[in-house]
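Asker: Go by the hints and put chain B onto chain A.
Number of protein chains: 2
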Amino acid sequence: MTNGDLSVSEPMFPQSQLTPHIPETFPKDFTIRALSRDDINNVKASGYLDLLSQLTSVGAPDSDVLNARYSSMADTKPLSYYVVVIVNSANKIVGSATLVLEWKFIHEAGSRGRVEDVVVDKDHRQHGFGGLLIKTLVSLARSLGVYKLSLECKDELIPFYGKFGFVKDVNFLVQRFD
Amino acid sequence: MTNGDLSVSEPMFPQSQLTPHIPETFPKDFTIRALSRDDINNVKASGYLDLLSQLTSVGAPDSDVLNARYSSMADTKPLSYYVVVIVNSANKIVGSATLVLEWKFIHEAGSRGRVEDVVVDKDHRQHGFGGLLIKTLVSLARSLGVYKLSLECKDELIPFYGKFGFVKDVNFLVQRFD
Chain A
1 MTNGDLSVSE PMFPQSQLTP HIPETFPKDF TIRALSRDDI NNVKASGYLD
51 LLSQLTSVGA PDSDVLNARY SSMADTKPLS YYVVVIVNSA NKIVGSATLV
101 LEWKFIHEAG SRGRVEDVVV DKDHRQHGFG GLLIKTLVSL ARSLGVYKLS
151 LECKDELIPF YGKFGFVKDV NFLVQRFD
Chain B
1 MTNGDLSVSE PMFPQSQLTP HIPETFPKDF TIRALSRDDI NNVKASGYLD
51 LLSQLTSVGA PDSDVLNARY SSMADTKPLS YYVVVIVNSA NKIVGSATLV
101 LEWKFIHEAG SRGRVEDVVV DKDHRQHGFG GLLIKTLVSL ARSLGVYKLS
151 LECKDELIPF YGKFGFVKDV NFLVQRFD
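Residue numbers (the UniProt record's numbering), protein chains in the order written: chain A, 1 to 178; chain B, 1 to 178.
Calculated from the structure, these hints are not laboratory results. Accuracy of the hints is not assured; some may be wrong.
Unchecked claim - Within a straight-line C-alpha distance of at most 30 angstroms, the following computed DSS-like cross-link-like pairs (lysine-lysine) qualify:
(1) Lys168(B) x Lys168(A)
(2) Lys148(A) x Lys148(B)
(3) Lys44(A) x Lys148(B)
What the hints assert, rightly or not - Distance windows between CB atoms, simulated:
(4) Pro27(B) x Leu55(A): 39 to 45 angstroms
(5) Asp75(B) x Ser139(A): 50 to 56 angstroms
(6) Lys168(A) x Ser16(B): 22 to 28 angstroms
(7) Pro78(B) x Val170(A): 28 to 34 angstroms
(8) Lys168(A) x Pro159(B): 34 to 40 angstroms
(9) Thr56(B) x Lys168(A): 18 to 24 angstroms
(10) Asp155(B) x Pro159(A): 20 to 26 angstroms
Cβ coordinates follow ideal geometry from the N, Cα and C atoms, glycine included.
The shape of chain A in the complex, shown without the other chains (with noise of 0.2 angstroms):
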């Protein structure tokens, strides 16, 4: 297990607040970590892109624009994103995950949390990544105080986020500008 590997720098936030919420089941040979700048600096080699890609629309953002979301992300106070990546031995993405906390003046000004973008690699699925990212980001989620935690997903999908405490809630509205 390689959960230790700090290699990466400017990690979105410190893998020592990640690690007590890692599942034992999290397979060898793989690493579970935060997003790093290097991860965006890198973007072709770390194949983050081309994994979200995979999960929508990605457009070719230029590496100026990338930075200045990351930034974006990693400079709330307090942290308000946190973006979790799954890494084969070549540092690799294979698999993404993000908590959002979304910051309240209700309930004791308290922080509702979301879990955004989920993808595992298409070659690597069938292995459990997306649930250990769901665990993963649940038991972090419920470590930060969030009040509560939610998500937005396609009927197929329900029994599959039902497994790790989800239920189905109010109803969901969108408008589309793009």
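Answerer: For chain B alone, coordinates are given in the frame of chain A:
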């Protein structure tokens, strides 16, 4: 119409950014503006927490907690919280809604918007304030370039939000920790 009133200090964002999005039908004797630190420092006079308590549990956060929460929202770079309030001529808050921007690497490192915590004081309902808040936030969100705007709502509010362009999308799943 008193929408040029800038007597509050430290608004979360400039009134000039909001003005283009305020519907023409906004009633005189009321102002729609950004939440300000004044509203939080004088929370009894502003009535902000009293209003939010008509939406859900608010608790009794103290002044330091409220100020820290205001700072966390207002100090994001770029701004990601747009808390909009409607105040009467005595500067008492009678309506509020929040546009939250969630930053992404997907969609050209874009952002999506969320409409959150929409509430109108019980003595000021049936006058269209809810619709005015939503119209304002939808226009503001579009101008900020979000690729998608979403919200969660109960069954009975689907027709209301439908009037402003929202349609039912995927499922909304939740787990609660409080």
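Asker: Each hint should be assessed against the structure and marked as holding or not.
Answerer: A quick look at each hint next to the structure:
1. Lys168(B) x Lys168(A): Roughly 14 angstroms between the alpha carbons, so the hint for Lys168(B) and Lys168(A) holds.
2. Lys148(A) x Lys148(B): Since the Cα atoms of Lys148(A) and Lys148(B) sit roughly 22 angstroms apart, the hinted pair holds (cutoff 30 angstroms).
3. Lys44(A) x Lys148(B): Judged against 30 angstroms, a Cα distance of about 27 angstroms means the pair holds.
4. Pro27(B) x Leu55(A): 39 to 45 angstroms: With a Cβ separation near 44 angstroms, Pro27(B) and Leu55(A) satisfy 39 to 45 angstroms, so the hint holds.
5. Asp75(B) x Ser139(A): 50 to 56 angstroms: Distance hint for Asp75(B), Ser139(A) is violated at roughly 28 angstroms.
6. Lys168(A) x Ser16(B): 22 to 28 angstroms: violated (42 angstroms)
7. Pro78(B) x Val170(A): 28 to 34 angstroms: holds (29 angstroms)
8. Lys168(A) x Pro159(B): 34 to 40 angstroms: violated (21 angstroms)
9. Thr56(B) x Lys168(A): 18 to 24 angstroms: holds (19 angstroms)
10. Asp155(B) x Pro159(A): 20 to 26 angstroms: holds (23 angstroms)
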